[in-house]
Amino acid sequence: MTRREGSAFAGLGVVFTKEFADQLSGARMALLVTLIVLTAAGTVYAAIQTIRNVVGEDPFLFLRLFTTAKEPLPSFVAFMGFLLPLLGIALGFDAVNGEFQRRTLGRVLSQPIFRDALLFGKFLAGLTTLAMVLGAIWLLVTGMGILLTGVPPSGEEVARSLLYLLGALAYGGVWLVIALFFSVLFKNPTTSALAAIGTWLFFTVFWGMIAAGLAQAIAPVTYGFPEEVLRQAQTELMLARVAPNTLYSEITLALLKPEVRALGPVLPVQLQGMVLGTPLPLSQSLLMIWPEFTGMIAGMVIFFTLAYVLFQRAEIRA
Amino acid sequence: MMAAIETQDLTKRYRSLVAVDRLNLRVERGEVFGLLGPNGSGKTTTILMLLGLTEPTAGQVRVLGRDPVREPLAVKRRVGYLPDTVGFYDELTGRENLRYTAALNGLTGRRAEERIQALLEQMGLLEAADRPVRTYSRGMKQRLGLADILVKDPELIILDEPTLGLDPAAAHEFLELIGRLKNQGLTVLLASHLLEQVQRVCDRVGLFRKGRMDLVGTVPELARRVLGGAYRIRVEAEGEGLREAMAAVPGVLHVRPEGSAWVVEAESDLRPALARVVVQAGGRLFGLELGTPGLDEVYRAYYGEVQHDAA
Numbered sequence: 007m008t009r010r011e012g013s014a015f016a017g018l019g020v021v022f023t024k025e026f027a028d029q030l031s032g033a034r035m036a037l038l039v040t041l042i043v044l045t046a047a048g049t050v051y052a053a054i055q056t057i058r059n060v061v062g063e064d065p066f067l068f069l070r071l072f073t074t075a076k077e078p079l080p081s082f083v084a085f086m087g088f089l090l091p092l093l094g095i096a097l098g099f100d101a102v103n104g105e106f107q108r109r110t111l112g113r114v115l116s117q118p119i120f121r122d123a124l125l126f127g128k129f130l131a132g133l134t135t136l137a138m139v140l141g142a143i144w145l146l147v148t149g150m151g152i153l154l155t156g157v158p159p160s161g162e163e164v165a166r167s168l169l170y171l172l173g174a175l176a177y178g179g180v181w182l183v184i185a186l187f188f189s190v191l192f193k194n195p196t197t198s199a200l201a202a203i204g205t206w207l208f209f210t211v212f213w214g215m216i217a218a219g220l221a222q223a224i225a226p227v228t229y230g231f232p233e234e235v236l237r238q239a240q241t242e243l244m245l246a247r248v249a250p251n252t253l254y255s256e257i258t259l260a261l262l263k264p265e266v267r268a269l270g271p272v273l274p275v276q277l278q279g280m281v282l283g284t285p286l287p288l289s290q291s292l293l294m295i296w297p298e299f300t301g302m303i304a305g306m307v308i309f310f311t312l313a314y315v316l317f318q319r320a321e322i323r324a
Numbered sequence: 651m652m653a654a655i656e657t658q659d660l661t662k663r664y665r666s667l668v669a670v671d672r673l674n675l676r677v678e679r680g681e682v683f684g685l686l687g688p689n690g691s692g693k694t695t696t697i698l699m700l701l702g703l704t705e706p707t708a709g710q711v712r713v714l715g716r717d718p719v720r721e722p723l724a725v726k727r728r729v730g731y732l733p734d735t736v737g738f739y740d741e742l743t744g745r746e747n748l749r750y751t752a753a754l755n756g757l758t759g760r761r762a763e764e765r766i767q768a769l770l771e772q773m774g775l776l777e778a779a780d781r782p783v784r785t786y787s788r789g790m791k792q793r794l795g796l797a798d799i800l801v802k803d804p805e806l807i808i809l810d811e812p813t814l815g816l817d818p819a820a821a822h823e824f825l826e827l828i829g830r831l832k833n834q835g836l837t838v839l840l841a842s843h844l845l846e847q848v849q850r851v852c853d854r855v856g857l858f859r860k861g862r863m864d865l866v867g868t869v870p871e872l873a874r875r876v877l878g879g880a881y882r883i884r885v886e887a888e889g890e891g892l893r894e895a896m897a898a899v900p901g902v903l904h905v906r907p908e909g910s911a912w913v914v915e916a917e918s919d920l921r922p923a924l925a926r927v928v929v930q931a932g933g934r935l936f937g938l939e940l941g942t943p944g945l946d947e948v949y950r951a952y953y954g955e956v957q958h959d960a961a
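Chains as they are written, first to last, in this note's numbering: chain A, 7 to 324; chain B, 651 to 961.
In short, the hints are calculated from the structure, not lab data.
Note that beta-carbon positions come from the ideal geometry of N, C-alpha and C, so glycine has one too.
Errors might be hidden in some of the hints.
To be verified - Label pairs and their calculated CB-CB ranges:
(1) A14(A) - R875(B): 46 to 52 Å
(2) L844(B) - L207(A): 46 to 52 Å
(3) T23(A) - L776(B): 21 to 27 Å
(4) T196(A) - R676(B): 42 to 48 Å
(5) T23(A) - A708(B): 36 to 42 Å
(6) A14(A) - A708(B): 23 to 29 Å
(7) V281(A) - E741(B): 56 to 62 Å
As the list claims (entries may be wrong) - A few chain B positions that, by computed beta-carbon distances, are all more than 10 Å from chain A:
(8) A898
(9) P922
(10) Y953
If we strip away everything but chain A, and leave its shape as in the complex, we get:
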């Protein structure tokens, strides 16, 4: 079997540029970004009202902007936990079947490019859009923080918040890829949007309960030994980590709250010699969330591969 000639990425730049421009000029993008910017501004402003009292006492004041919640508003990161999947889904749910519906797919694929370039170009455009939105929001939050508290962030705080941004990008990226996958799987954009939102709801609302139930079945507490209880808790946590939102909240926790030193059940024995409340160095926090980070990237790769395989085999005739 001879190899196919030509680069798989011929035309990638062209597809990327066009898709990126489409994303930025689209109405749905304007709507979502407005929503996100408003919530970001709102939550951060509320957080500042709370934080003001402790200026000078907290070494990580700047990070508190992201994590402090003030009733009735949830914290900035919690809001992002909701809005990022929505944004990812909005950017990807009609990527492929939208072209199919508009009858542009056959025309584009009869140009001298491979299908790889189209799919990858769409993914990259979505991810870049996400990154741009996140970057803008980060700047907004930082600016508001400096203006309203008068305290500039330290180097470590900037590094931690930027790493959090990377984690948030991966989280949004997972949902982008899942939406992309559904857009290849279903011929109708409405169906794929519903499927993607359904998946998101499933993980956000139901997966926690299911994980708890499953953990009880897999590692039952029969005699009430501490080992059993611990095993069940660990099983539940492992199961919960299938959901991207669990991974996201763990990344958020470890990066934005430097005093967090473990992401699971901790035994009293393990607490010995620990100076509670002292922050971990950045490298250690990073080490702690490394598996979560890789998990998200792996999720992206898996769903992208599935979408890719489906797309390669898809019949493009109407």
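Take the given structure of chain A and dock chain B to it, following the hints.
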């Protein structure tokens, strides 16, 4: 010189359904070839295989000397394809849509703009060029589609049902455009189920049925082969014994009444001879009209026969 399209026993099966059955097609450079047949007869599948968008189950394809399965990019660079339902990005203007296609073909900057401008002018779309495509009529979209496949300066263009959904005037105009492209030296492969409509722009046609193409040739050739007589003369006349008199003329194959007139099938243009016998037989002659049989008739006669044979 190498043929524009050459297939050998090209076959495509979808599970138990044979969409294309051992197709042997040869389209020469510079000709307009019509791939004609009803919907579902395998025309679109054939086209998709020619473009490498669907892999053949068996057989060989060569498009402009290349194998579309192994060298899809080389083929797609030189072949323009207009699908039966062409779609554009509605929110972009006609010019922007063409610009995207040009860029996908590696054509950008001044050269792309000049080419796009020239094509828009050729297709009569200059006025609408900077309006969003959603405001275009069906006929305009079809012409934009033609401009779109010409952007890459192809050697071969493949049109799938190009006149579908166009009103007669727009269809006529569109076919004229295709005729003009032929004069520029382009090879055109045209698939359609509207046999009568497209037969006049095609140099040769191939008739499709159930994945098989049994009849290939020029329209008069096919008519001669299938219907026997290539000349069909409509004689409007009144009188006794005209049928016998006309049937006795050498070269007349068949005479049958049609309404108040007679239809005479003949090997050549026998109008003078027919006029003479009508007058000699004491009949009154009102009119003589020469018409060649249409493809519809050829198609029906041929496949009617086939069905008859099989039964």
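These are the hints, each one checked on the structure:
Evaluation of the 46 to 52 Å hint for A14(A) and R875(B) yields a pass: the beta carbon distance comes to about 48 Å. Our hint of 46 to 52 Å for L844(B) and L207(A) holds, since their Cβ atoms are close to 49 Å apart. The beta-carbon spacing between T23(A) and L776(B), approximately 26 Å, falls within the hinted interval of 21 to 27 Å. As the Cβ distance of T196(A) to R676(B) is approximately 46 Å, the hint placing it in 42 to 48 Å holds.
Remark: the range hint 36 to 42 Å for T23(A) to A708(B) is upheld by a beta-carbon distance near 40 Å. One distance hint, 23 to 29 Å for the beta-carbon pair A14(A) and A708(B), holds here, with the actual separation near 27 Å. As the Cβ distance of V281(A) to E741(B) is approximately 59 Å, the hint placing it in 56 to 62 Å holds. Residue-level check passed: A898(B) sits 55 Å from the nearest beta carbon of chain A, beyond 10 Å.
Interface exclusion of P922(B) from chain A stands, the closest Cβ pair being 53 Å apart, more than 10 Å. Non-interface status of Y953(B) relative to chain A is upheld: no Cβ of that chain comes within 10 Å, the nearest being about 25 Å off.
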